[in-house]
Every structure is written in structure tokens, then in C-alpha cells.
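Student: So the protein lines, in turn, are chains Y and L.
Sequential numbering of the first sequence, starting at 1, is according to the working numbering.
Sequential numbering of the second sequence, starting at 1, is according to the working numbering.
Don't read these hints as lab results, they were simulated from the structure.
Don't take every hint at face value.
[Stated by the list, open to error] Rough simulated footprint, nothing fancy, chain Y against chain L, three-plus residues with beta-carbon under 8 Å:
id, segment
1, 30-43
2, 59-66
3, 113-127
4, 189-202
5, 251-258
[As the list claims (entries may be wrong)] Just the calculated beta-carbon pair ranges, DEER-fashion:
id, chain 1, residue 1, chain 2, residue 2, range
6, Y, A13, L, L86, 39 to 45 Å
7, Y, R334, L, I195, 24 to 30 Å
8, L, L86, Y, H181, 44 to 50 Å
9, L, L281, Y, K62, 53 to 59 Å
10, L, T83, Y, I64, 49 to 55 Å
11, Y, L203, L, F12, 47 to 53 Å
12, L, S54, Y, G129, 41 to 47 Å
13, Y, G163, L, L281, 46 to 52 Å
[To be verified] Facing chain Y, according to a computed beta carbon distance under 7 Å, are these residues of chain L, among others:
id, residue
14, I26
15, F71
16, V267
For each residue, glycine too, the CB sits at the ideal point set by N, CA and C.
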Amino acid sequence: MRRFLIFAAKRSAFVIPQLLAVSLIVFTLIRLLPGDPSFMLAGPYASPDRIAEVHRSLGLNKPIVEQYLQYLRRISVGDFGTSWRTSQPVLTDIEQRLPATLELVVGAVVLSVLIGVPLGVAVANNRGGTVDRLVFTYGMLAGSLPDFWIGLVLILIFFYALGWAPAPVGQLGMAVSPPDHITGAYLLDALLTRDWRSFVSALSQLVLPVATLVLVYMPLVLKTTRSTMEEMLDSNFVLQARASGLSRRTQLRYALRNALPSIVTIVGILFWFLLGGAVLVETIFAWGGLGQYAVESVVNSDYASLQAVVLVIAVFTTFVFLIVDLLYFVLDPRITI
Amino acid sequence: MRVSFASDLWQFARGRPGMLIGLCIILVNFALALVGPLVAPYATEAPSSASLLSPSVHHLFGTDVSGLDIFSRVLAAPRIDLTIALISTTIAFAFGVALGVVSGFFAQAQRGGRLVSSLILRLADIVQAFPVFVFALALVGISGPSVRTVIVALAFLNTPFFLRLTRGAVLQIRSRTFVEAALCSGNSELRAAFIHVMPNAIAPPLVHFSTTIGFSILLTAGLSFVGAGVPPPTPELGLMIQVGAQNMITGQWWTALFPGVALATTVLSFSLFGDNLRVYLDPTNRR
């Protein structure tokens with residue numbers, strides 16, 4: 001326990017410089033922007049004096065270090081500026097959209113683990129069988145599929161041809177009003193407020209996008225579980241267990257216990273990847289999450305919101321990797337910082 | 001008797017249809033990258049017929065909403081997609097492996113070595129703190145969509161993957177006796193790291209090379225799909241899927257289906273090849 005606390009303290013201490021570095025990179029992104037934002041803000045008919053005034057009021061005439069500190073001060077209180085496109089504070093925009101993205105990503109990750117890990121263990125235990133070959137072929141295939149295209153194909157089949165799935169219009173059907181706001185994630189809010197009509201609608205809207213993500217990204221978990229399990233089953237400690245006459249079940253448990261660090265890592269990577277990678281699927285399904293917001297910001301040159309999205313997702317990721325590293329230590333205390 | 005690498009690999013590949021199929025599709029892709037636009041039956045960037053014609057003898061894959069022949073554009077696409085992927089992956093591989101070897105070899109070292117090692121890892125952490133796609137979007141969004149920006153963004157984003165893979169492999173190998181032996185017989189640490197450890201740790205990143213090409217093609221297509229990649233009307237697969245997306249939902253399936261199949265097949269061939277290469281390079285894996 002003491003070792004864990006030392007490790008956790010050391011690892012957590014890295015978060016601060018990491019966050020600073022992240023903010024520095026995002027700040028640099030702002031500075032790389034083409035043109036001077038004062039022109040944009042002052043409007044096309046502004047006099048040179050007015051532009052200079054805006055320039056000063058933005059603090060652009062100050063030294064760069066001071067500008068960075070000023071930027072840190074602003075983001076630490078959640079002031080990300082105003083979006084040119086929605087004319088709302090960027091923070092409000094993000095608060096409205098983050099739960100939708102998290103709902104999608106968490107749903108896909110949880111389902112991927114629930115399917116991928118047991119399937120991986122089963123396949124590793126039964127090498128060379130028909131299931132092994134099928135799973136192998138699917139794993140190869142799935143990793144190569146463009147998620148946005150799979151989303152389209154699923155829409156074509158299940159919405160256009162079969163009519164089973166609802167139209168890809170976002171998190172809720174057209175005629176359904178959103179549940180009372182608690183967390184912002186419609187599915188959760190509907191469940192908490194027992195608003196079954198919106199719960200069913202939110203759930204049915206969630207099926208295709210989550211299915212798309214699981215179909216394409218679950219094999220990551222599956223393949224890692226499979227290969228690590230195979231490695232563990234081939235290792236001496238399992239041989240020892242078998243020689244001692246322990247049941248296959250116990251052998252598998254020993255192997256899985258030792259495969260867990262790799263599995264936790266790949267799940268962390270999956271979560272990290274989907275935080276940004278769900279962007280395309282969000283676009284296809286008009287999901288209205290953070291990813292779609294990012295795309296719209298890029299296409300409309302809405303830089304304030306783009307930077308904020310990048311920053312928010314990066315901060316999220318920093319904590320995801322922190323948790324992964326801590327879990328890893330719990331599972332395999334041999335590692336050091 | 002020493003068997004040459006190529007003939008040994010060939011012997012290995014003969015028994016593995018997946019590898020041969022992958023290799024064939026990769027070769028077709030390279031061939032198309034060279035001559036694709038020349039063998040295309042119609043112009044690739046100018047309308048050739050009425051819009052939204054369904055597949056027929058004249059237009060094998062049909063035409064899209066502006067009357068462009070989809071088959072011709074699919075043939076021409078590897079020139080853009082493959083070039084971007086190859087260049088960016090090579091850059092990422094070179095940087096990633098070098099940094100990974102250094103960072104893995106000196107992870108348990110004294111003083112400065114250890115500092116450099118963890119510094120490299122933390123830098124990778126920071127780059128990876130930015131989710132791939134959003135970061136690529138931001139990079140491309142700020143410098144303006146162009147082939148060069150996409151290459152730089154992809155290389156930058158892929159480097160940490162190679163770094164981590166190499167580092168992981170090096171960490172495992174570092175404690176083996178042969179490394180100790182190499183150091184004891186007078187090799188400098190850097191020499192031991194790059195001459196003795198690196199060749200034994202190269203398999204994971206090398207396998208990843210092929211997969212990364214596929215991944216980069218996917219990412220390029222994704223960026224173009226949302227309008228942040230190569231500009232239209234370039235014959236690029238993601239761009240074609242984007243043009244077809246609206247029609248696909250209303251039943252003109254061929255517009256986005258064929259470019260998608262081409263995209264998936266290309267990416268698949270690289271992972272097939274890469275995965276078989278992994279088996280080839282790891283003799284304990286041969287069955």
C-alpha cells in the first residue's frame with residue numbers, strides 16, 4: 001500500500017506539468033493562427049484606431065509570456081471566449097455537448113470490453129478452432145473498416161432498407177422532448193427522471209452509432225486479450241499450474257490475471273482514441289456532441305471553440321492515462337516511474 | 001547454409017494465403033499509384049455523364065451526384081492516399097524507433113540516462129494527450145487543408161505509437177543476459193542499445209509499420225470526409241464517400257459503397273501483410 005501511495009503521488013505529480021504542457025501547446029496553436037483576430041472582431045469597416053484598440057483590449061500588444069499567463073488565468077476559470085458561430089460562451093457550448101459524446105464513447109467502450117475480453121479468452125483457450133479462424137478473420141477485417149463508412153452502411157441497411165432503426169437525426173427522435181436536465185446525458189437523465197418515452201427514444205438512437213463503434217473498435221480489445229492470453233498460457237507459470245494438476249479454469253484465471261495489465265492499457269487507449277475518434281461517427285448520426293462541434297468549428301474557422309475542444313479533450317485524456325497507469329501499478333506492482 | 005531473407009520470406013508466404021492476398025492488393029495499390037489516373041476509362045475530375053447513374057457496363061461503379069465516374073476515381077485514388085500514408089509513416093517510424101530505443105534502454109539507468117528516458121516518455125504522453133483525430137483536425141484546420149499538412153499531422157501523431165511499442169520491447173530485452181554480455185565485452189551503451197537491442201526489439205514496430213500505413217489511409221480519408229483533408233475534387237476515397245453519403249442514405253448505395261469497399265480493402269491488405277509479418281518475425285509464433 002505504501003508503495004502504491006508513493007507511486008500514485010509521483011505519477012499524479014506528472015499531471016501538473018502535463019497539463020501545463022497541454023495548455024502551452026494549445027496556446028501555441030492560437031498563436032499559429034493566420035491573421036490577427038483583432039481585424040475579425042472589430043469588423044470589416046473598423047478604422048485603424050478601432051482595430052488598434054481591440055488589439056490592445058485583447059492583450060496582443062503585451063509580451064508573449066504575459067499573454068500565456070493571461071491565457072492560463074482565463075482558462076482556469078473556464079473562460080474560453082465566445083464562439084463566432086453559436087454566439088454563446090464556448091464553455092456553455094461544451095457543457096451542452098460533452099455529455100452526448102461521453103454517453104456514446106462510454107457505451108462503446110463498456111460494450112467492447114464485455115464482448116472483447118470473454119471472446120478473447122475463449123479464442124486463446126481454443127486455438128486453431130473454427131471460432132478462432134472466424135474471430136481472426138473478423139479482427140483483421142474490422143480493424144480495416146472506416147467507421148464513418150460502416151455507419152453509413154448500417155444506416156442504409158437498418159434505416160433505409162429494413163426500417164428497423166430510427167432516422168439518424170441525433171440523440172433523440174424528432175418528436176421527443178429531452179428529459180429534465182440532470183447530467184446532460186439523455187439516456188441517464190431519462191432513466192433518473194423515469195421519462196420512459198425519451199429513454200426508449202434515446203436508447204434506440206444510441207444503438208446504431210454504438211454498434212458502429214463496437215463493430216469497428218471492439219477487435220482492439222479482442223486481439224489484445226487473445227494475444228496476451230496466448231502468451232500467458234504458453235508461459236512457465238501456467239505450465240507449472242498444469243503440472244500441479246490445477247483445472248483448466250484455474251489455469252485460465254491465472255493467465256487472465258497476468259494479462260490484465262495489457263487489457264487495461266488497451267481499454268485506456270480505446271477510450272482515448274474514441275474521445276477524438278467518435279468525431280466521424282458523430283457527424284454521420286448528427287449526434288450533436290463535442291466531436292461534431294469540433295468539425296463544425298474547423299470548417300467554419302471558429303478557432304475559439306476549436307482550441308477549447310482540443311484543450312478539454314486533452315485534459316480528459318491526461319486523466320484517463322493517469323487512471324490507466326495507477327490501475328497498471330495495482331495489477332503489476334513491478335513497474336516503476 | 002544461410003538462406004536469404006527474401007527466399008525465406010517467400011517460403012513462409014507460400015503457405016499463408018492471407019499474406020499473399022495482402023501482398024497482391026498492396027502491389028495493385030502501388031501499381032495504381034503509378035498509373036491509376038492513366039488507365040482510368042474516364043476523366044477523374046470532370047463530369048463524364050449524367051449524375052447518379054447506377055452501375056452498368058459503361059460505368060462499372062456508377063456515377064456520383066455531379067456525374068463523375070466512380071470507377072475511374074477509385075482507380076486514381078491510391079496516388080493520393082498511398083503517398084500520404086507512406087511518407088508520414090516512414091517519418092513516424094524513424095523518429096519513433098530511435099526515441100523508443102533510447103527511452104527503453106535507459107529506463108533503469110543511472111543519473112542523466114534515466115531522466116532522458118522519462119522525459120521522452122512524458123513528451124509522448126503529452127502528444128498523446130491529444131486524441132488523434134481532433135488533434136489532426138486542429139493541425140490541419142489551422143494550417144489549411146493540403147497534402148503537406150496532412151502528412152505532417154499524421155507523422156506527428158503516429159510517432160508516439162512506434163515509440164511506445166519499441167520502448168516496451170526494449171524494456172523486456174534490456175534485462176536479458178546477452179545485453180549484459182554485450183556491455184561487459186566493451187560495447188558502449190548506445191552501441192549496445194542500437195546494435196544489439198534494437199534488432200531484437202524491431203519486430204513490434206515493424207509489424208506496426210504496415211498497419212500504420214493502413215491506419216494513415218483511414219485517417220486521411222476521415223479528414224477529407226469532414227472537409228479537413230485534401231481539397232475536392234481530388235480523387236480521394238474519403239472525399240468520395242463524403243460526396244456519396246447523402247445519396248447513400250436515400251438509396252443510391254453505389255455512390256459511397258464502392259469507395260468504401262476500396263478503402264477497406266486497401267487498409268485490410270496492409271494489416272493482413274503486417275500481421276503475417278509479425279508471425280514470420282517471431283519464430284515462436286509459427287505453427
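Student: Determine for every hint whether it applies to the structure shown.
Tutor: Against the structure, the hints:
1. Residue count for the segment 30-43 of chain L with a Cβ under 8 Å from a Cβ of chain Y: 0. That is fewer than the three needed, and the coverage hint is violated.
2. Given as covered by chain Y, the segment 59-66 of chain L fails the check, having 0 residues with a CB less than 8 Å from a CB of that chain where 3 are the minimum.
3. A stretch counts as covered by a chain when three or more of its residues have a beta carbon under 8 Å from one of that chain; for the segment 113-127 of chain L and chain Y the count is 4, and the coverage holds.
4. A count of 0 residues in the segment 189-202 of chain L with a Cβ less than 8 Å from any Cβ of chain Y is obtained; the coverage claim is therefore unmet, three being the minimum.
5. As drawn, the segment 251-258 of chain L meets chain Y at 4 residues by the rule of a beta-carbon pair under 8 Å; at three or more, the given contact holds.
6. The beta-carbon spacing between Y:A13 and L:L86, approximately 40 Å, falls within the hinted interval of 39 to 45 Å.
7. A hinted range of 24 to 30 Å for the beta carbons of Y:R334 and L:I195 is consistent with their spacing of about 28 Å.
8. Between L:L86 and Y:H181 the beta carbons are some 49 Å apart, a value that agrees with the proposed interval 44 to 50 Å.
9. A beta carbon spacing of about 55 Å between L:L281 and Y:K62 agrees with the range 53 to 59 Å that was offered as a hint.
10. Separation of L:T83 from Y:I64 is about 37 Å and departs from the stated range, judged on CB atoms against 49 to 55 Å.
11. In this structure the hint that Y:L203 and L:F12 lie 47 to 53 Å apart at CB holds, the actual value being about 49 Å.
12. Checking the proposed 41 to 47 Å range against L:S54 and Y:G129 shows it holds: the Cβ atoms sit about 42 Å from each other.
13. For the pair Y:G163 and L:L281, the beta carbons lie near 49 Å from each other, so the given range of 46 to 52 Å is met.
14. Taking 7 Å as the C-beta cut-off, the interface hint given for L:I26 is violated, the closest approach to chain Y being about 13 Å.
15. Interface restraint check for L:F71: the shortest CB-CB distance to chain Y comes to about 18 Å, outside 7 Å, so the restraint is violated.
16. Of the supplied interface hints, the one on L:V267 holds, with its beta-carbon coming within about 4 Å of a beta-carbon of chain Y, less than 7 Å.
Taken one by one, the earlier hints fail for this structure at numbers 1, 2, 4, 10, 14 and 15, listed in ascending order.
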